[in-house]
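One-letter residues, chain by chain:
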Amino acid sequence: MIFVTVGTQFPFDRLIKGVDSWLNSNQSAEVVAQICHSAYLPKRIVFYDFLGAKEFDDKFQEAELIVSHAGMGNILKAFDYRKPIIIMPRRSEFGEHRNNHQIDTSKYFGSIDGIEVVNSDQELQDALSRLMSQQQIEFPERNDSCELEKLIDNIRSFLREG
Amino acid sequence: MSRRGKKVVLMVASFGGHWVQLRRLESAFSDYKLIYVTTEKSCQSQLDNCGFYVVTDAALDSKLKMIRMALEVFFVVLKNRPTVVVSTGAAPGFFSLVFGLMLGARTIWVDSIANVQQMSVSGLKVRRFASLWLTQWEHLAKKNCPYYRGKVL
Chain W
3 MIFVTVGTQF PFDRLIKGVD SWLNSNQSAE VVAQICHSAY LPKRIVFYDF LGAKEFDDKF
63 QEAELIVSHA GMGNILKAFD YRKPIIIMPR RSEFGEHRNN HQIDTSKYFG SIDGIEVVNS
123 DQELQDALSR LMSQQQIEFP ERNDSCELEK LIDNIRSFLR EG
Chain X
3 MSRRGKKVVL MVASFGGHWV QLRRLESAFS DYKLIYVTTE KSCQSQLDNC GFYVVTDAAL
63 DSKLKMIRMA LEVFFVVLKN RPTVVVSTGA APGFFSLVFG LMLGARTIWV DSIANVQQMS
123 VSGLKVRRFA SLWLTQWEHL AKKNCPYYRG KVL
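These protein sequence lines are chains W and X, in that order. Each residue of the first sequence is one higher than the one before, counting from 3 in my numbering. Each residue of the second sequence is one higher than the one before, counting from 3 in my numbering.
Worth flagging that the hints you see were computed from the coordinates, not collected in a lab. As the structure is a computational prediction, the values presented were derived from the model and not from experiment. Glycine included, C-beta positions come from ideal geometry on N, C-alpha and C. Careful, some of the hints might be misleading.
Stated by the list, open to error - A short, non-exhaustive set of chain X residues, derived as facing chain W with CB atoms under 7 Å:
1. G19
2. V22
3. Q48
4. G106
5. R108
6. A116
To be verified - Among the chain W residues that face chain X by a calculated CB cut under 10 Å, a handful are:
7. M3
8. S23
9. F58
10. L78
11. S94
12. E95
13. G97
To be verified - Covered stretches of chain X, as calculated for chain W (at least 3 residues, CB under 8 Å):
14. 23 to 30
15. 67 to 81
16. 95 to 105
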């Protein structure tokens, strides 16, 4: 199953439309989407405007591939559950967000294995076809939680000082 | 101080990425009683043995909602008298640090990792209310804050 999620702040019609049109030529794929009141209603996708925290986590874990806006919550979850993820940054000029910070986020995270950044509909179509034709799509094992440990340790020592 | 005598930490974030990042900081506060504040009630299902409050979701585009949310945050802070207030963003976190500091708490701002190019709007505004003011990007850190002390990754 492919789980498509656009977060809870704004809809993201461009992404939903793109996945829906990919399904025209890939009808066997199963897709579930959380669309946040998208004006475009997908024709080939099971969709929800919103999913509660638990339902959301369940779908995320069930999926073999995640397709998402470039929101940090979903990127971090992809790390946690080791799910390969396609991210499309929102663009303020299309009214998809207040600013273009998702483009900056994508530039950084796009260099990490398991995260695929797509900037256009064509790139989205290509990435979906390429990843779904692979036998197994994997999110590589990572060994870099030391930055988190460092942050936790630093907060702890800040608290002790007080 | 809570009734059981444990110090209280107020953990505040709006739903979504901010919430996911905030949850990752939890282990830093193992000696505290945790009270979470967010904008989405279903988050409670993820929590075990923590206090929990929901406040109005408000962004810069709605002043009225923002005032309402600020009041809600104020009452949570007033009622629980936290020793520490922590937030990863956005608007509810800003107000919780302001009121927290006013009422004697030590305050920690960990700016969202999504802000690669510059600190978030709420992150910049909160500066003088944060006892510890952090960015998650080394290249955004400055000599006298924001500091870089690691990231939630």
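Do the hints match the structure? See the list:
The beta carbon of G19/X comes within 4 Å of a beta carbon in chain W, closer than 7 Å, and the hint placing it at the interface holds. About 4 Å separates the beta-carbon of V22/X from the nearest beta-carbon of chain W, less than 7 Å, and the hint is met. Evaluation of the Q48/X hint against chain W yields a held restraint, the C-beta minimum of about 5 Å falling below 7 Å. For G106/X, the suggested interface contact is broken, since its CB lies about 11 Å from the closest CB of chain W, more than 7 Å.
The interface hint given for R108/X holds, since its Cβ lies 5 Å from the closest Cβ of chain W, which is under the 7 Å cut-off. Given hint, A116/X at the interface with chain W, holds; its Cβ is 4 Å from that chain's nearest Cβ, closer than 7 Å. Against a cut-off of 10 Å between C-beta atoms, the interface hint on M3/W is violated, since the closest Cβ of chain X lies about 21 Å away. Because the closest C-beta pair between S23/W and chain X is about 27 Å apart, greater than 10 Å, the hint is violated.
Using the Cβ-Cβ criterion of 10 Å, the hint placing F58/W at the interface with chain X is satisfied: the shortest such distance is roughly 8 Å. Contact between L78/W and chain X, as hinted, is supported at the beta carbon level, the nearest pair being about 5 Å apart and thus within 10 Å. At its closest, the beta carbon of S94/W sits 13 Å from a beta carbon of chain X; the interface hint therefore is violated under the 10 Å criterion. Interface restraint check: E95/W against chain X, minimum CB-CB distance 17 Å, threshold 10 Å, status violated.
Contact between G97/W and chain X, as hinted, is not supported at the beta carbon level, the nearest pair being about 13 Å apart and thus beyond 10 Å. Counting residues of the region 23 to 30 of chain X whose C-beta lies closer than 8 Å to any C-beta of chain W gives 5; at least three are required, and the coverage claim holds. Residues of the region 67 to 81 of chain X with a Cβ under 8 Å from some Cβ of chain W number 0, which does not satisfy the need for three, so the listed coverage is violated. Three residues within the 8 Å Cβ limit are the bar, and the region 95 to 105 of chain X against chain W gives 0, so the coverage statement is violated.
The structure fails hints 4, 7, 8, 11, 12, 13, 15 and 16 (numbered hints given earlier, in ascending order).
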